[in-house]
Amino acid sequence: MKPCFFIPALLFYTGVFAKTIHVGANQLYKNITSAVADAAAGDTLLVDAGHYREKNLIIKKSIVLRGLNYPVLDGENKYEIISVMANGVIIDGFRVVHSGISSLEDLSGIKIYDCKNVIVKNNLLEDTFFGIYSQNSTNCTIENNGLTATSKEEQQSGNGIHCWKSDSLRILGNKITGHRDGIYFEFVKNSIIWRNTSTKNIRYGLHFMFSNDDMYVSNVFSNNGSGVSVMFSNRIKMFSNYFEENWGDASHGILLKEISDGYMQGNYFARNTSAIYMEGANRIFMAYNTFANNGWALKIQASCMDVVLEHNNFTGNTFDVGTNGSLVQNTFNHNYWDKYEGYDLNKDKIGDVPYRPVSMYSMIVEKYPPAMILFRSFITSLLDKTEKILPSLTPENLKDNAPLMKKAF
Amino acid sequence: MTDILRNRIVLVYTLFLLAASLSVFSLEDNSSKGLLSLLNIILIVVPLVSIIFSTIYVYNSAEFIELLVSQPLKRKTIWLSLFTGLSASLLVAFFIGAGIPVLIYQATMIGFTMIAVGSLLSIIFVAIAMLATVKTRDKAKGIGAAIMLWLYFSLLFDGLVLFLLFQFADYPMEKPMIAISALNPIDLSRILILLQLDVSAMMGYTGAVFKDFFGTYTGIGFSFATLILWIALPVWYSTRKFNTKDL
Amino acid sequence: MIIASNVSKQFGKLKALDDVSTTCNKGECIALIGPNGSGKTTFIKSILGMVVPDSGFITFKDKNILHHWKYREQIGYMPQIGRYPDNMTIGQVLDMMKDIRSENPALDEDLIKAFSLNNLLNKRMRTLSGGTRQKVSAALAFLFNPAVLILDEPTAGLDPVASEQLKEKIIAEKEKGKLVLITSHVLSELDELVTRIIYMQDGKLLFHKSIEALRQDTGEDKLSKAIAKVMTK
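Chains as they are written, first to last, in this note's numbering: chain F, 1 to 409; chain S, 1001 to 1247; chain B, 2001 to 2233.
Keep in mind that the hints are not guaranteed to be accurate.
What the hints assert, rightly or not - Here are the simulated DSBU-like pairs of lysine-lysine, each with C-alpha atoms no more than 35 Å apart in a straight line:
1) S:K1074 <-> B:K2176
2) S:K1135 <-> B:K2061
3) B:K2113 <-> S:K1076
FYI, nobody ran anything at the bench for these hints, they're computed from the structure.
The whole structure should be built from the sequences, with the hints applied where relevant.
Right, here's the structure in full:
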């Protein structure tokens, strides 16, 4: 967190000779564009509350733009509202509304072009196509913004926080709802996503592609069209996030596709159709995660290798683990499964017989989805029971050899 | 006329249900898991007890029914009072045995659905039992038929459906499945509860089809109407049969 | 009072009733006699509407009984085997019957008194002996002062005292001008009761005669001997 405070401090320090410019209906400058034109690097613009139609406000100087009581910047459904093209710009406390919509350009509420050390914080963005856009930027902070879009269709809506080809970003404490993807990362390195809430977005709460060495912590992703998708990335760390109520056949708490060397700990998955869907995932370590009341806690395709699950809690899931093949190269150990019916004679709190988290019926449903309608009927429980005694369909070595008798944490 | 049933078996059934549901709820730390175990009791034991008990009861009171027929009473009245008597007592048993524990431990939508569905199942299987008894004169045959019917509804039917499913795996089976499920009151009840219990899994594409149907008010209305039809039709038909039956 | 015209009934291959026609009038006490499976009980059940004839019809007071039930108010029926719901007490059974036939206020409780059933009102049916149940059945048949009494093997299972009391009651009712229909195997018992005999065999009604006519025809005084003579003919 330190750099975050460090940057403004640096700015104040260099701004000893900087001046403060007031903008507002009762001030010398009636609009922001004229004030920006007269400002010098290091100046601070204080903008009074009011309704400003600045068309496309382009900032090419390192200035601080601060709104008092959320002045409204209106894009009149035609323009990109703020374009930042200088290093060290701070945009703080605006209400940015009605950006244009274009299928050719990614018109945004606030867009950062090829800059460093830009801070966008405490803004409210409403009805923008893209919300806050970072293009080819480094060491920027996007903090405490609220983004709300209202489009119903994917084509009519851009992403909330869209980061492309950037490095060392900090995305902190934003609330995003109603966009196509809540947070979008493509070719972004060494960045952190922390304490954001991304709900009810049309497609993904978080969309992550070709981005290595990133980390996301303590975010809430709920009720998104397709949950969270993390694809083609390496060395991603995921801690203490909430994935909730992502419902639908193609919807997952989190989709992990072609991911290597990931680390997931302390995440909480509740009431998702499938909490984790893994395809081509390698060397993922998952520990101390909670899977509660999901349709499938884990759908792990046969293309996954060396996925390790330890000390996770599985409770109230309809199916614990689903898979499509019989070859299993993943390890389950010391997890708590509420469906475990084994015993613990030596009282070491570890079940004496292995637990097989793949039920016969989950294999059947995987193949013939309409069979779901027979779930929990007498015949299916019979099938499951016989399968437990004589495994034939379920993968032989997909099992937890040391299931816990009590919750792992 | 209706208070014929202060039967020892009903009492035992009540106590059994009570013990089962109480232990299920107190043994499981997670009360929704208790509900699951209770679901099995409701879907298997309730129909079984309802159908067997009613069949045996009707056969055992054959002579008394004869006596009643010789009285100035409409046969319809006799048969319907027998039906109400049986269903009322089994309902009371079910409600005390399973309903009250559910209300104590799980007064949620799931709990209410479960009670509603269990009650309907009790009545449905009384109706089916009475149909079985009116069709067969021989007691042993009748009880056999009742057991077969129960086996069919709780096991064989689902087996057939599963078989059909595998056979027609290449076709879109979601819609026909809804129609097929209406042919078995136990399936219908199970789906109604499933929609509340496994809502996450039911939200998958196929599940969503079911959910879209059964989850809507029309769907729920349809299901309950079908269940009530499952009561009305056997009762209507067996009353008709009983009206012209030689005793 | 009761007229049966060409009544036939078939159970599977068995012809239970084969073209039976007869007339029963009030003030008579008619014995239905015949070997086992001769159709006596079926005939009684037809009159009670428990069995619906395949062909022919039965009228009660000049009305066809088919699909009617009201006429049964005027019949008291005592079944061969009386079984009642196990968990009801005698009192409850009596009350229930009174409830069903509430339109008839004048109760005839002679038999209840004679059998001293009043002392047993709180006994459950399950605990009763066959004889006691038979007493309940008899008491119920007479309770509502019906115009017609139909008794299926009334004395079977009754102890001699009760049996005698029942016979007295039957005679008394006959004297009052009621129609009494009895089936029985024990012919000796019927001697003093009956005025007419209906003899059935294989579903056919062989004859319907007054007892005097029968005695004259056979020259036998005892009913049992007379019947034996008819059968050997």
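Tested hints:
1. With a CA separation close to 29 Å, the supplied pair K1074 of chain S and K2176 of chain B stays within the 35 Å bound.
2. Of the supplied pair hints, the one linking K1135 of chain S and K2061 of chain B holds, its CA atoms being roughly 33 Å apart against a limit of 35 Å.
3. About 34 Å separates the Cα atoms of K2113 of chain B and K1076 of chain S, which keeps this hinted pair within 35 Å; it holds.
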